[in-house]
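Model the full assembly from the supplied sequences, consistent with the hints where possible.
Those sequence lines, one after another, are chains A and B. Numbering of the first sequence is given in our numbering, commencing with residue 42 and proceeding in unit increments. Numbering of the second sequence is given in our numbering, commencing with residue 62 and proceeding in unit increments.
In short, the hints are calculated from the structure, not lab data. It cannot be assumed that every hint is accurate.
The calculated lysine-lysine pairs, modelled on DSSO-like cross-linking and capped at a C-alpha distance of 30 Å, are [unchecked claim]:
1. A:K113 x A:K44
2. A:K172 x A:K44
3. A:K44 x B:K71
4. B:K132 x B:K71
5. A:K144 x A:K114
6. A:K44 x A:K145
7. B:K63 x B:K74
8. A:K172 x B:K74
9. A:K144 x B:K74
10. A:K114 x B:K74
11. B:K74 x A:K166
12. A:K166 x A:K113
13. A:K44 x B:K74
14. A:K166 x A:K149
15. B:K63 x A:K172
16. A:K44 x B:K63
17. A:K172 x A:K144
18. B:K71 x B:K128
19. B:K74 x A:K149
20. A:K114 x B:K71
21. A:K113 x B:K74
22. A:K172 x B:K71
23. A:K44 x A:K114
24. A:K113 x A:K149
Okay, the calculated bits of chain B under chain A, using three or more residues with CB under 8 Å as the criterion [said to hold, decoys possible]:
25. 80–91
26. 166–180
To give a feel for the contact side, a few chain A residues facing chain B, derived at Cβ under 7 Å [what the hints assert, rightly or not]:
27. T43
28. G79
29. Q93
30. D95
Ideal Cβ placement from N, Cα and C applies to all residues, glycine included.
Residue-level listing of the chains:
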Amino acid sequence: MTKYRILLGKAGLDGHDRGARYVAHILRDAGFEVIYTGIRRTPEQIVEAALQEDADALGLSLLSGAHMVIFKKVLDLLEERGARDILVFGGGTIPPADVDALKKMGVKAVFTPGTPAAVIVAELKRLLSEKGKR
Amino acid sequence: MKDLLQAARKGDKRALARLVTLLEDDPSLAPALLEGEGEWPFPGLVLGVTGPPGVGKSTFVSALVGKSRRKDPAGKVAVLAVDPTSPYTGGALLGDRVRMMEHSGDEGVFIRSFANRGLLGGLAPGIRAVLRLLGATGWDLVLLETVGVGQSEVDAASVADLTAVLLAPGQGDGIQMLKAGLLEAADLFVVHKADLPGAERVASEIEAALDLSEPGPRGRPPVLLVSSARGRGLEEFLEALDRRRAELKGPIEERRRRAAREDARRLVLDRASARLARALEGEEGLLEDLLEGRAGLDEAVLRILRNALDRGGKEEGERT
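Structure below.
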């Protein structure tokens with residue numbers, strides 16, 4: 042039996058994790074194994090945790106406005122560790138123009154406030170099955 | 062798989078993490094992976110940490126990792142933390158790591174969360190195989206944090222060398238801990254959150270319960286007061302752990318031998334049941350005869366078993 046493992050994290054000083062916790066719950070209820078890492082982490086901590094947990098996907102929640110910097114940092118760290126195969130997605134208050142820029146950077150999906158749970162689950166299932174289990 | 066093992070031994074944690082996933086999904090891969098690695102590689106010491114939910118197991122484990130790394134910087138520490146899988150959805154929310162993030166930059170620490178995937182007894186599938194993997198890749202101390210059920214954690218004691226049982230003030234009266242073998246499973250008792258009022262009383266309740274019970278072959282467990290939040294009592298805990306480890310050298314070796322036998326037994330049963338399941342799929346006709354009364358049950362069962370063994374033998378031959 043193979044289960045997809047998804048690691049969720051919040052980087053930087055923003056401590057509002059209601060969104061991240063909500064996503065953790067809906068993903069659990071959709072049958073994923075969700076590893077939650079808490080608030081105020083560094084990108085280094087989150088990437089290290091994703092490697093040790095052998096996560097299939099890494100989700101970052103950002104409400105602070107620092108998304109362009111932090112996603113870049115996380116993608117760079119994954120590249121450095123030879124782990125760009127881990128699917129990166131995000132959520133939070135991210136303006137539409139930045140969503141496009143993030144997707145160009147390599148973030149596979151961005152879920153802004155108001156996205157229905159079913160959409161998040163369906164999209165992640167689609168992306169993960171496209172990527173396949175290693 | 063052998064390449065991953067080589068990399069994991071050199072300290073590549075992603076390689077190690079991959080191997081853990083493989084063993085978690087299919088523990089029967091262990092013999093092939095660990096072939097030629099000595100009989101049954103074990104980590105230096107496996108300490109089970111168990112106790113009711115909310116008693117602070119993850120916080121205690123994290124504090125212990127820090128203390129142990131400071132005391133012995135050469136000793137590598139791994140944490141395996143098990144949380145429950147939802148029986149309704151099959152999903153799991155693994156949150157033990159939240160309390161352990163401070164160690165993520167430490168080369169000598171590896172932390173992995175497990176969902177129990179419906180397994181009762183406080184462990185997760187593959188844990189036995191993963192312990193041997195950690196033995197083969199040179200981990201000195203493994204902290205095995207069980208699901209916080211508190212009343213059915215006896216399985217953890219069968220794979221750990223030593224077991225610490227955590228209790229805390231405000232968690233119900235002393236009778237709770239007398240239930241279902243928790244008292245017998247403990248090699249050490251920890252009264253956690255010892256900075257809170259009532260900790261001394263919990264300690265004396267445990268002592269009173271121990272006074273009433275016959276000391277088993279493993280002797281009377283010490284009761285230690287620890288506050289991870291204040292960093293108090295951890296040094297004393299590690300000292301007590303060393304003492305218990307020395308006192309129980311013989312029983313620990315015996316337990317490891319038993320664990321190895323149990324591993325072997327399970328591997329045989331797992332493979333046999335997989336082979337039988339495959340064989341049954343090919344016997345639809347016979348099962349139909351059986352239901353229609355054209356064949357006797359005993360005869361049909363024997364025939365299926367015989368076919369499975371013959372065919373399974375051939376399959377195994379093809380695989381190698």
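The hints, checked one at a time:
no., hint, verdict
1, A:K113 x A:K44, "holds (28 Å)"
2, A:K172 x A:K44, "holds (14 Å)"
3, A:K44 x B:K71, "holds (28 Å)"
4, B:K132 x B:K71, "holds (23 Å)"
5, A:K144 x A:K114, "holds (14 Å)"
6, A:K44 x A:K145, "holds (28 Å)"
7, B:K63 x B:K74, "holds (15 Å)"
8, A:K172 x B:K74, "holds (22 Å)"
9, A:K144 x B:K74, "holds (29 Å)"
10, A:K114 x B:K74, "holds (20 Å)"
11, B:K74 x A:K166, "holds (27 Å)"
12, A:K166 x A:K113, "holds (24 Å)"
13, A:K44 x B:K74, "holds (20 Å)"
14, A:K166 x A:K149, "holds (12 Å)"
15, B:K63 x A:K172, "holds (24 Å)"
16, A:K44 x B:K63, "holds (23 Å)"
17, A:K172 x A:K144, "holds (16 Å)"
18, B:K71 x B:K128, "holds (24 Å)"
19, B:K74 x A:K149, "holds (25 Å)"
20, A:K114 x B:K71, "holds (26 Å)"
21, A:K113 x B:K74, "holds (23 Å)"
22, A:K172 x B:K71, "holds (29 Å)"
23, A:K44 x A:K114, "holds (28 Å)"
24, A:K113 x A:K149, "holds (13 Å)"
25, 80–91, "holds (count 3)"
26, 166–180, "holds (count 7)"
27, T43, "holds (5 Å)"
28, G79, "holds (4 Å)"
29, Q93, "holds (5 Å)"
30, D95, "holds (4 Å)"
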